[in-house]
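Chemist: In the order they appear, the protein sequences are chains A and B. Take 1 as the starting number for the first sequence in the numbering used here and just add one per residue. Take 711 as the starting number for the second sequence in the numbering used here and just add one per residue.
None of these hints come from the bench; they were simulated from the model. Honestly, I wouldn't trust all of these hints.
[Claimed, not checked] Per label pair, the in silico range of CB-to-CB distance:
| id | chain 1 | residue 1 | chain 2 | residue 2 | range |
| --- | --- | --- | --- | --- | --- |
| 1 | A | V513 | B | E946 | 35 to 41 Å |
| 2 | B | F848 | A | L475 | 52 to 58 Å |
| 3 | B | D964 | A | L181 | 51 to 57 Å |
| 4 | B | S931 | A | Q611 | 49 to 55 Å |
| 5 | B | R852 | A | A467 | 48 to 54 Å |
[Claimed, not checked] Derived pair list, reagent style DSSO-like, types lysine-lysine, alpha-carbon separation capped at 30 Å:
| id | chain 1 | residue 1 | chain 2 | residue 2 |
| --- | --- | --- | --- | --- |
| 6 | B | K1031 | A | K570 |
| 7 | B | K1034 | A | K700 |
| 8 | A | K409 | B | K1031 |
[Said to hold, decoys possible] Listing some non-contacts, in silico: residues in chain A with all C-beta distances to chain B over 12 Å:
| id | residue |
| --- | --- |
| 9 | Y49 |
| 10 | Q102 |
| 11 | N370 |
Computed from a predicted structure; not experimentally measured. Even glycine gets a Cβ: it sits at the ideal position worked out from N, Cα and C.
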Amino acid sequence: MQPEKFYYDNKIVKQFGIATIVWGIVGMLVGVVIAFQLAYPALSFGIPYTTFGRLRPLHTNAVIFAFVGNAVFAGSYYIFQRVLKTRMFSDTLSKIHLWGWQLIIVVGAISLLLGYTTGKEYAELEWPVDIMITIVWVIFGINMFGTILKRRERHLYVAIWFFIGTWVAVAMLHIVNSFELPFSIFKSYSLYAGVQDALVQWWYGHNAVAFFLTTPFLGLMYYFVPKAAERPVYSYRWSIIHFWALIFIYIWAGPHHLLYTALPEWAQALGTVFSVMLILPSWGGMLNGLFTIRGAWDKVKEDPVLKMFVVALTAYGMATFEGPMLSLKSVNAVSHYTDWTIAHVHVGALGFNGFMIFGMLYWLVPRMWNTTLFSRKMANQHFIIGTIGILVYAVPLYWAGFTQSLMWKKFTDSGQLQYQFIETITSIVPMYILRAIGGTVYLVGALMAVYNLAKTMKKGSFVANEAAEAIPFKLQAMPAVKMHWHSVIERKPVRMLILSLVAVAIGGAIELVPTFMIESNVPSIAAVKPYTPLELQGRDIYVREGCYTCHSQMIRPFRDEEARYGEYSKAGEFVYDHPFQWGSKRTGPDLHREGGKYPDSWHFRHMRDPQEMSPGSLMPTYNWLIENDINIKSTPAKIRAMQTLGVPYPKGFDKIANDDLHRQADSIVAGLQKDKIKVSRDKEIIAIIAYLQRLGTDIKKNQTTSNEVH
Amino acid sequence: MLIKKKKLRINFSVLLMLCLLSLASSAQTEAKVPSAGVSGYDSLRYALICVAILLLFVIGGLANVTGITARLFVDKQKKQETSDAGKPVLPLLLLGLLLPALSMAQDKSAAAAVSTFSLPEDIWFYFVAIGVELLVVFALVRIIYTFTKIKKEVVAKAPAKLTVFQKIIKPQAAEEEARLDLNHDYDGIRELDNNIPGWWKVAFFATFMFAIVYMYRLYGSETMPNQLQELAMSNEAADLRKLEYLKEAANNIDENNVKMLGVDDIAAGRELFTKNCVACHGDRAQGGVGPNLTDDHWLHKGSIHDIFYSIKYGWQEKGMKSWKEDFSPQQIAQLASFIKTVANTNVEGGKEAQGELYVDVAAVAAADSSGSIKTKNN
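All chains, please: the whole structure from these sequences, using the hints.
Modeler: Structural data, given as structure tokens:
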């Protein structure tokens, strides 16, 4: 019964930790930049790489996958080794995981700036990066399970359950949502179209929040909170019930992102009720954490780590109560497409994720460098500044959200819309400025953390390999007392993995399969035809520029939206939309029935200088569309890809597609010429005008048109 | 005895929940009758407001009592200085002193909610407000109990029953903790086997009930409208409101009966023009994307009736959108009147003429009869 000696690998934790800090600052900085761009569109500088449409995906991807992702890996590698009493399964796999993930981040960031995007929120990275993510995720999984299998601890601690759940669910979500058909080395079309694409995407999008931003953080919470408080976990049986309830229920809630859309209503209803059922499992996590601090509240007064954890858990509790409320139809009717949603996610991101990460780093760094924190006072100041930052960020955005939504819905007594769209946006610009200031304040706090942690590292000496010892669990005697029934599962990691997979697969399957298999869920409309080659090129430009980050293409069946935008959107209108572009936020108006609203010359001038046509607009200029040529070489491949996906272009159409493209372009050029605008037919602006003029017009046409592409 | 009491409490919560649910159902069912909607809500709405206001008074009274008991408690604490109860109670005390202030803030926000929302959804807001108020009442009563030590006598007999606040703050007694310790040791982390709070279980169960009732009402009893029915209902209600308004307001102007308006309305028309039309027609109506409005040529004729028509219905194929959802008939008349005043002024830098020469016969005749202007007669 000699205990075995071994060493914990601290180096990998350190490297992931440093990556967390670096990408955190980058991600938040981009966030601050785009926040200011929303108030001052001139800050887009008139170049493609710095416009909101491309920077916003960069911001979300950077904070979710780079900042939070690296933090999860840092924390979990630290926790795995300690609660499983072993070194990581393979140092090589750890290294591949580390550098593979950083490579993904760099390649992803560059490709997003260059405009390579799938146009699906939080899954924007294109197919080569998707494959890289899959590979690295599998490597992480092997390393994690290898470690679990060679553990010296008979039972798995609750933190490990959460990491297993995370790994399984993220793998499933990423793979299913990334099914796409490449037509060039960097570009692809989503395998799904319209309503189905929307459902898959938001099943993914919602559960990326659940399984990338929430469950791994509960894993971190279950280690670092009891450690920092030096108190026992409050209730073991609560851990069990809230873990299983959380991962089972979470997966169903995705459709609450699509309330009042063309998604079948039964799916929407499931989204609503499962969101409401999520409140208590979420609160179970928060309360089990806060009750764990019981008896250590005197420490909370002084210890910045515990302070951050307390605020993080509180923010988690608030966000997970607000989320279900936002999933109620009557609340969602007001909140959706407004800044309310943005405020909501930032309470979670800045409050819960941000503060958990900073708290964790303030706890980890002094321990791994075998010293004390450089300045506890500074960390406490960071806590206060960060909290103020969150408040200054969130409160104005809540205000902006209410204001804009109420203005949208306001009718005069005689039954007209009271406000033009532009008035609803100019009235909230002051709130946007305040929000940007709030974000800056939070970033300043983060920079203080960087300084403080760097000084701490300098002060101490890093322990790359930390000595530890434990008895192999096969030699340990089984405890004599009767154990909880759940401990059986905790002894069997593979069984736990399978059960987790079953728990997370059920909800998705029940929602996705009928939407794909049963035709009545997407009633087809005969008048809806595939896009012409020019419109298809224009649509790809629309996706490339990230127009969906500010414009929706989904008119909800409300009186005000029908008055403002036109007839509500039908499921059958999106059957050729690979990917769907419904959007989730209206900083600009909905575009689903944009076709025919304005003349071509209006669009031309509006793209060149939005403020000329729409004074007070927050849209940046897109003048490069006037200079860039359409990539007509790609047309045949795009048509063929669409044919493979089931879009009914005639056979051999790919060969003559460019002739069709030129014909349509010529007619647009001729029309513009009448309005004294000279532009050649091969410019991108022509394609985007063609696409915008097509939007939402099909169902207005007579149903007599032939089956051919017009 | 103790078990019985617990059961009773759970039953009470379930009852309360069912009451709320049934109330909610009735509110929504009434929503289904569209024309009667407005008045149908009102009785419920007034009842809810009354309850909300009543509860606010209750909160106000309780808050005062809390303040007083808190002060008394402080005095008592000062007397028995040796007591070790000071630490855990302090935050509670702060809360007690803060709550009167908090409840005042609550008053204000509830009042604001009452005044701003006139949507049918406001019913839900009242429910939420009342729910919050009930929670506050509950919390205040618990706090007063703690301060007045009514609890203490019970405590002396039965094992300690702590308030939620104490539960969060006060550590469990060492022997209690030892009893609950599961002897787990994960890198030094121990786990206790505390019971899951009863209210959590009840609330979790309540959300299941909510889900069942929600799905039943949508697909079983069909008492909850689907989204297209909701749209039809809101349109119907809006049409009714509009009809009512138009009956009274002098606003039912259309392209047939529109008349040239006076100076004030023309000024209002100018303002509307600057806000909405200059993008296409130029800041001096000289034309741009759209035609010049200051010359004597018109694409769709230039009488006040024609201009009213063009603004109201638009000429979609030529890029002029329909403005009838944006402007009231009165506003369209103001705009048309303003445009009539700039027509034929031929501002500098105007876009070249489009359409046909148009002579406003009515206007010319009016001018002729007044004898102020002599114009070319065709």
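Chemist: Could you say whether the range 48 to 54 Å given as a hint is met by the Cβ separation of R852(B) and A467(A)?
Modeler: holds, 51 Å
Chemist: K1034(B) and K700(A): Cα distance at most 30 Å?
Modeler: Between K1034(B) and K700(A) the Cα gap is close to 19 Å, so the pair holds against 30 Å.
Chemist: Do the beta carbons of D964(B) and L181(A) sit within 51 to 57 Å of each other?
Modeler: holds, 54 Å
Chemist: Is the gap between the beta carbons of F848(B) and L475(A) within 52 to 58 Å?
Modeler: Holds, at about 54 Å.
Chemist: Lying within 35 to 41 Å: is that true of the beta-carbon distance V513(A) to E946(B)?
Modeler: holds, 37 Å
Chemist: Is the Cβ of N370(A) more than 12 Å away from each Cβ in chain B?
Modeler: Fine: 17 Å to the nearest Cβ keeps N370(A) off the interface.
Chemist: Mind checking the alpha carbons of K409(A) and K1031(B) for me, to see if they're no more than 30 Å apart?
Modeler: Distance ~21 Å between K409(A) and K1031(B) Cα, so the pair holds.
Chemist: Given the hinted pair K1031(B) and K570(A), is their Cα-Cα distance within 30 Å?
Modeler: Judged against 30 Å, a Cα distance of about 23 Å means the pair holds.
Chemist: Once the closest CB in chain B is found, is it more than 12 Å from Y49(A)?
Modeler: holds, 29 Å
Chemist: Please verify that the nearest CB of chain B lies beyond 12 Å from Q102(A)'s CB.
Modeler: holds, 28 Å
Chemist: Taking the beta carbons of S931(B) and Q611(A), is their distance inside 49 to 55 Å?
Modeler: holds, 53 Å
Going down the numbered hints, you'll see the structure goes against none, and every one checks out.
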